[in-house]
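Asks: 345 is the number that my numbering gives to position 345 of the sequence shown; each next residue is one higher, with no gaps.
Honestly, the hints are just simulated from the structure, not real lab data.
Careful, some of the hints might be misleading.
[To be verified] In the DSBU-like style, the derived pairs of lysine-lysine whose C-alpha atoms are separated by at most 35 Å in a straight line are:
id	residue 1	residue 2
1	K476	K357
2	K561	K91
3	K333	K580
4	K86	K106
5	K380	K476
6	K333	K561
7	K333	K319
8	K417	K333
9	K437	K319
10	K561	K143
11	K91	K143
12	K86	K143
13	K580	K559
14	K417	K476
15	K268	K319
16	K417	K437
17	K357	K319
18	K357	K268
19	K417	K268
20	K319	K380
21	K417	K522
22	K522	K476
23	K476	K333
24	K437	K522
25	K437	K333
26	K86	K559
27	K417	K380
28	K143	K276
29	K417	K106
30	K86	K561
31	K106	K143
32	K319	K522
[Stated by the list, open to error] Label pairs and their computed distance ranges (CB to CB):
id	residue 1	residue 2	range
33	R299	A39	43 to 51 Å
34	S140	K268	41 to 49 Å
35	R299	P255	44 to 52 Å
These numbers come from a predicted model, not from an experiment.
Glycine included, every Cβ here is placed at the ideal spot set by N, Cα and C.
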Amino acid sequence: MKKLGLFAVLLLLAAAIWWLSSQGKFSSQNDRMLHFVPADTPYVIGMLEPLPEDVSRSYLQLGEDLVGLYGQLMEPLITELRQSDKPEDAKSLAIIEALSREFENKTLAQSIEDLGLSLRSHSAVYGVGLVPVARIELASPDKFRAFVARMEAAAGTPMPVADIDGTAYWRLQPPETPLMLVAAIIDTDLVLTLAPGDANRTALRAVLGLDRPADSLAASGGLQALNNQYGFVPFASGFIDSQRLLRALTEGNDPVEQAFLTALQIDKPELNPTCKAEFESIAEAWPRLVVGYTRYDTRANDMLWVLETRQDIADSLMKLRAPLPGAGASSEKALINIGLALKLSALPGVVDGFANKVAQSPYQCEQLAALNMAFAEGRKQINNPGLYGVAPMANAIHILVDSLDLGAMALSAEQPKGEIRVAIGSDNPSSLVGMSKSFVPQLAEFNLAADGQAVALPALPGMPPELSPQIAMSNKALALSSHAAGADTLSQLLSLDEAQQPILLFGMRSAVYAQFADAVEKSFRDSLDKADGLQLEQDEALAEDAEAAAEAAQRRADKRKQGEAMLEMQMRLMREVYPKLFSRMESRIEFTARGIELRQQTTLP
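Construct the complete structure from the given sequences, taking the supplied hints into account.
Replies: Here is the structure:
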């Protein structure tokens with residue numbers, strides 16, 4: 001257990017090293033790490049160039065603000081471990097306290113240096129076949145070894161060490177598991193990977209990078225080509241290649257793969273020609289998942305994920321696109337905004353098109369037979385008369401919460417208060433107004449022109465007196481505001497930008513955390529009170545004398561104190577720290593000519 005805990009520290013530290021190294025500058029040979037990555041790797045995340053120094057400093061400062069708070073968040077766990085009489089908890093406590101000392105009375109930059117890390121290093125995560133490898137350049141291998149020695153001393157036992165051709169490596173193999181975790185410092189690199197417990201020399205040299213691939217990603221220029229294709233900045237970009245992944249799972253039998261298969265006592269599946277062809281056709285239809293940043297600077301960072309699709313699939317999916325009213329600049333000031341846009345009238349045709357192709361040429365492979373039924377059932381469900389009735393009336397909805405008072409709800413059991421706007425995209429918005437009249441008699445005499453001008457809605461039964469709803473309509477959209485103050489923005493919400501066609505959108509400003517904090521704090525305190533009451537009842541029922549009752553009371557007090565401390569830290573995170581992480585964040589999923597894209601845009605304070 002103690003060895004596992006120590007290795008967990010190494011793994012977590014490796015993740016931190018990779019992130020930190022991605023914030024700084026590389027040495028002169030920017031693609032050095034890619035020489036260890038096979039050109040045909042099934043997956044990789046790597047970096048080619050550094051961030052500017054000012055960007056590195058800004059993210060380092062962000063880390064500075066977080067380290068202290070997260071250290072304090074560990075205090076309840078440390079207190080619990082100190083009170084435990086279990087030997088394994090004592091070992092865990094020793095490791096946690098030793099790790100905490102590495103950051104005491106130091107700036108984050110000093111701690112990084114003392115650990116042998118650097119903000120100017122290379123790093124990459126990739127696959128040698130299916131085997132994951134993380135490789136991170138260290139600023140000082142000796143300092144890192146000294147850090148590991150300090151952790152070993154705290155754990156009370158050294159990490160198991162082995163040797164291959166003069167290269168030492170740490171190894172951890174939990175009982176009754178065929179694979180071991182391996183960590184090694186090779187020249188100036190920290191390498192973490194997996195290996196069979198009885199790994200042969202060839203397999204171990206390959207995963208540790210002692211034997212480099214004959215054809216590397218550096219030589220092929222594959223990562224550079226990806227960045228050029230998608231406009232990624234040369235930082236933390238990569239891919240998962242489904243065709244290579246399929247080949248690694250089903251074909252070939254090189255020495256590295258054979259060593260792992262033997263250790264796991266499994267064989268690669270033998271696909272008959274039909275199954276092989278059908279699996280290959282699926283991989284060809286969905287060739288890669290790619291990821292990278294299209295922007296990364298002191299003001300914002302934009303991340304892009306793309307699930308690539310074959311062109312005919314992309315063309316079909318794009319038929320489902322519909323403009324989302326009010327998307328873009330008009331939604332940026334909203335506290336929260338959620339949008340959904342889907343051209344419902346095109347949905348049956350698209351689903352039928354996919355289902356017909358499968359029906360005309362059903363999958364013959366037994367492992368894929370479920371797809372035949374799934375497409376048939378999808379066609380049955382989508383050809384619903386109700387859908388055809390709704391499709392002309394609405395194809396998009398965008399809800400924008402401009403203000404929200406969750407604290408009032410939490411403290412007084414009232415309904416949440418706030419200001420909300422709603423935009424609905426429609427081929428026939430006047431039909432929505434007409435339908436509402438049939439459900440709300442008070443609207444029977446209400447008329448609305450499609451001129452984009454905001455008008456007040458009549459008073460409705462049960463409407464809170466503080467509301468003064470406004471409504472406006474164009475030929476293609478309907479917009480409503482819960483308050484008169486929002487009337488001036490309704491014309492903006494009616495705008496339909498062909499460039500704004502996400503099928504799903506979610507945006508938020510960091511100020512929302514302060515609102516959530518009020519509600520969470522009240523709810524958490526209520527939970528603590530209830531837990532105290534239940535524990536008190538149990539203690540009173542079991543207490544045999546005054547001394548036992550006093551001990552029980554002290555335990556309750558200690559537990560309450562821990563809960564209060566945890567609550568205080570959570571509130572500080574939500575009210576003080578999270579607002580420093582970003583000013584506004586927006587995620588959107590959309591269909592494009594490249595496939596299915598997920599974009600996340602983060603504006604920094």
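Asks: Look at each hint and say if it fits the structure.
Replies: So, going through the hints one by one against the coordinates:
| no. | hint | in the structure |
| --- | --- | --- |
| 1 | K476 - K357 | holds (34 Å) |
| 2 | K561 - K91 | holds (25 Å) |
| 3 | K333 - K580 | holds (17 Å) |
| 4 | K86 - K106 | holds (32 Å) |
| 5 | K380 - K476 | holds (30 Å) |
| 6 | K333 - K561 | violated (39 Å) |
| 7 | K333 - K319 | holds (30 Å) |
| 8 | K417 - K333 | holds (18 Å) |
| 9 | K437 - K319 | holds (32 Å) |
| 10 | K561 - K143 | violated (39 Å) |
| 11 | K91 - K143 | holds (23 Å) |
| 12 | K86 - K143 | holds (32 Å) |
| 13 | K580 - K559 | holds (31 Å) |
| 14 | K417 - K476 | holds (30 Å) |
| 15 | K268 - K319 | violated (40 Å) |
| 16 | K417 - K437 | holds (26 Å) |
| 17 | K357 - K319 | holds (17 Å) |
| 18 | K357 - K268 | holds (30 Å) |
| 19 | K417 - K268 | violated (59 Å) |
| 20 | K319 - K380 | holds (20 Å) |
| 21 | K417 - K522 | holds (17 Å) |
| 22 | K522 - K476 | violated (43 Å) |
| 23 | K476 - K333 | holds (23 Å) |
| 24 | K437 - K522 | violated (41 Å) |
| 25 | K437 - K333 | holds (32 Å) |
| 26 | K86 - K559 | holds (19 Å) |
| 27 | K417 - K380 | violated (42 Å) |
| 28 | K143 - K276 | violated (51 Å) |
| 29 | K417 - K106 | violated (45 Å) |
| 30 | K86 - K561 | holds (23 Å) |
| 31 | K106 - K143 | holds (16 Å) |
| 32 | K319 - K522 | violated (47 Å) |
| 33 | R299 - A39: 43 to 51 Å | violated (36 Å) |
| 34 | S140 - K268: 41 to 49 Å | holds (42 Å) |
| 35 | R299 - P255: 44 to 52 Å | holds (49 Å) |
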